[in-house]
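Protein sequences appear in the order of chains A and B.
Last residue of the first sequence: 161 (our numbering), numbering continuous.
Last residue of the second sequence: 418 (our numbering), numbering continuous.
Simulated from the structure, these hints should not be mistaken for lab results.
Hints may contain errors.
[Said to hold, decoys possible] Residues from chain B shown here face chain A by an in silico Cβ test under 10 Å; the list is partial:
(1) F38
(2) H79
(3) G139
(4) A148
(5) V168
(6) G361
(7) S388
[As the list claims (entries may be wrong)] A short list of chain B residues far from chain A (calculated; beta carbon distances all over 10 Å):
(8) H80
(9) S123
(10) S208
Keep in mind the model is a prediction, meaning the values are calculated, not measured.
No residue lacks a Cβ here, since even glycine has one placed at the ideal position from N, Cα and C.
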Amino acid sequence: MDEVMRGRVWVFGDDISTDLLSPGAYAVDPVEVRKLHVLESVDPAFASSVRPGDLLVAGANFGCGSSRETAPENLKALGIACVVAGSFARIFLRNAIAIGLPILICPDAPLIVDTGDEAEVDLTSGMFRNVATGETARGEPLPPEMRQILAAGGILATLRS
Amino acid sequence: MAMTVAEKILARASGRSRVRAGEFVVAEVDLAMTHDIFAATVFDTLLDLGVEKLFEPARVAVVIDHFVPAPTAAIADLHHRVREHVERLGVGIFYDAGEGISHQLLPERGHIRPGMLVIGTDSHTTTYGALGAAGTGVGTSDMVYALATGKLWFRVPETIRFEFEGEVTAPTSWKDVVLAIAGLIGSDGAQYRSLEFGGPGAASAPISGRLTVANMAVELGAKFGIFPADQATAAYLGEADVDGPRPDPGAAYAATHHLDLATLSPLVALPHDVDRVVAASEVGDVPIDQAFLGSCTNGRLDDLEAAAAVVAGKTVAPGVRFLVAPASRTVMEQALASGAITTLVEAGATILAPGCGPCFGGHGGLLGPGEKGISSSNRNFPGRMGSSEAEIYLASPATVAASAVAGKVIDPREVTDG
Ligand code: SF4
Numbered sequence: 001m002d003e004v005m006r007g008r009v010w011v012f013g014d015d016i017s018t019d020l021l022s023p024g025a026y027a028v029d030p031v032e033v034r035k036l037h038v039l040e041s042v043d044p045a046f047a048s049s050v051r052p053g054d055l056l057v058a059g060a061n062f063g064c065g066s067s068r069e070t071a072p073e074n075l076k077a078l079g080i081a082c083v084v085a086g087s088f089a090r091i092f093l094r095n096a097i098a099i100g101l102p103i104l105i106c107p108d109a110p111l112i113v114d115t116g117d118e119a120e121v122d123l124t125s126g127m128f129r130n131v132a133t134g135e136t137a138r139g140e141p142l143p144p145e146m147r148q149i150l151a152a153g154g155i156l157a158t159l160r161s
Numbered sequence: 001m002a003m004t005v006a007e008k009i010l011a012r013a014s015g016r017s018r019v020r021a022g023e024f025v026v027a028e029v030d031l032a033m034t035h036d037i038f039a040a041t042v043f044d045t046l047l048d049l050g051v052e053k054l055f056e057p058a059r060v061a062v063v064i065d066h067f068v069p070a071p072t073a074a075i076a077d078l079h080h081r082v083r084e085h086v087e088r089l090g091v092g093i094f095y096d097a098g099e100g101i102s103h104q105l106l107p108e109r110g111h112i113r114p115g116m117l118v119i120g121t122d123s124h125t126t127t128y129g130a131l132g133a134a135g136t137g138v139g140t141s142d143m144v145y146a147l148a149t150g151k152l153w154f155r156v157p158e159t160i161r162f163e164f165e166g167e168v169t170a171p172t173s174w175k176d177v178v179l180a181i182a183g184l185i186g187s188d189g190a191q192y193r194s195l196e197f198g199g200p201g202a203a204s205a206p207i208s209g210r211l212t213v214a215n216m217a218v219e220l221g222a223k224f225g226i227f228p229a230d231q232a233t234a235a236y237l238g239e240a241d242v243d244g245p246r247p248d249p250g251a252a253y254a255a256t257h258h259l260d261l262a263t264l265s266p267l268v269a270l271p272h273d274v275d276r277v278v279a280a281s282e283v284g285d286v287p288i289d290q291a292f293l294g295s296c297t298n299g300r301l302d303d304l305e306a307a308a309a310v311v312a313g314k315t316v317a318p319g320v321r322f323l324v325a326p327a328s329r330t331v332m333e334q335a336l337a338s339g340a341i342t343t344l345v346e347a348g349a350t351i352l353a354p355g356c357g358p359c360f361g362g363h364g365g366l367l368g369p370g371e372k373g374i375s376s377s378n379r380n381f382p383g384r385m386g387s388s389e390a391e392i393y394l395a396s397p398a399t400v401a402a403s404a405v406a407g408k409v410i411d412p413r414e415v416t417d418g
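With the hints as constraints, model all of the structure from the sequences given.
Here it is in structure tokens:
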């Protein structure tokens, strides 16, 4: 995993719940099926149009609701390189780190990009930048210990080593 | 340096003399719980990683509580696999289907002690804060790591303190207290933080009420929701005295709120968010199809008795399903002995197996499209109890029972006084 990532942006609003990220109806299906239904009730085209390396930008309280690890897992399976949100629900944040899905807390990120823009995110400095306009938003980098787990590829990767 | 209760517990668990909010620690876990939804995944992953032994089997708990009794053949098979893993790994604490809900059983059967650090693959693991423990939910990967190593990382949370004054008077209950807090700080008002409850009003709280409040700490985003141990905790544990961590004078709080319990009245959280809180008397005309009394929030003896007191001598309104799921077999036995179950059944209630019941929308009495339900549980987001086109109102046992009788959402005082 790189600490600096550049990709195409998808923007969503506040309170994106684990129900939207991992709909209950597919909860026990394999990840190949689950990932096709991510955010379908918000943007039906998202799962089929998203490309590996894309960035997901959202508002406050991302990943609220039930403690399902399938929520970050689905995003990782779609190839989302990093989720940048105003704030994360606690268990989603833990689960994202546990499975090695990079995240950045950055409340102003949704203000400087639109869906389709290209942006750059630096996990070490916490900077988020709109590549075309050059506008930046300063986020809170995760503590180095959490970034280490992310860099290893998740908590089970640290267990294997 | 003065510490909050959360800081003290994480300091002790990580072998440090002190920690500060914001620090990152690796702590030893005192108890790790997983239940039928995630247990098989957790143990399968452990096997895949070649881990044959649990860090300490006596500190691992498995409970079959969500799908009870098994509603499908596939779930029966899942339960079978869970039992096999439990047997193979020598899991120390195991409660099979029908014993009750994890968050009721672990406190009730004496597995939770003040000062413990407890993790569970369930967001309502915060419930154990009622006994002065730090309990929190984690995902399956974190659980696998903890079961293999006995350790897990934590960011030491900032703490929000609630000082309670005055007393709660029936039919207002501790559910109304936590709904009032939700209305006050919002459903992400304690994100990443710990809640600490104290003051004279907290001392007056029965353990059942503390369990209700700590249970819903996660509904406010909190990592922990802790009532430091006191005489009531000792009495619940059957001990003369109890030595649990208490906050130091001068500990640093992100915020301190004061709440006069005497000013509260029955409240309701409107669909679809726990922080859309209004007075039960001001909900307006909302006819209901179902009333559910149960869950790890409000399925205890006190809750069944509060509901029985409201419906005694009355009958459930025509067309309303009144479902009651005691939180454990012990609660069921006590409520049979006290007569509460008889009163509820005579009023028209259907008694379900001890367990989660329809709380999470898995089985056991769900809401159809366009239906409205009132529930003593903890979540009302779309689809939580069945159809995503159903509406859920959250309230106390007394309000749920009164609404079952009235056929609409109602303030319990309108039923008991009239
Ligand atoms: S009763 Fe409801 S909230 Fe509690 S553990 Fe069961 S499903 Fe979860």
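A quick look at each hint next to the structure:
1. F38: At about 8 Å, which falls below the 10 Å cut-off, the nearest Cβ of chain A leaves the hint on B:F38 intact, so it holds.
2. H79: violated, 14 Å
3. G139: OK, holds: B:G139 within 10 Å of chain A, min 4 Å.
4. A148: Holds. Min distance 6 Å.
5. V168: At about 28 Å, which exceeds the 10 Å cut-off, the nearest Cβ of chain A leaves the hint on B:V168 violated.
6. G361: Interface hint status for B:G361: holds (7 Å vs cutoff 10 Å).
7. S388: holds, 8 Å
8. H80: For B:H80, whose nearest Cβ neighbour in chain A is about 16 Å away, the distance exceeds 10 Å, so it holds.
9. S123: The claim breaks: B:S123 does not keep its Cβ more than 10 Å from every Cβ of chain A (closest is about 4 Å).
10. S208: Label holds. Min Cβ-Cβ 24 Å, cutoff 10 Å.
Hint check: violations occur at hints 2, 5, 9; the rest are consistent with the structure.
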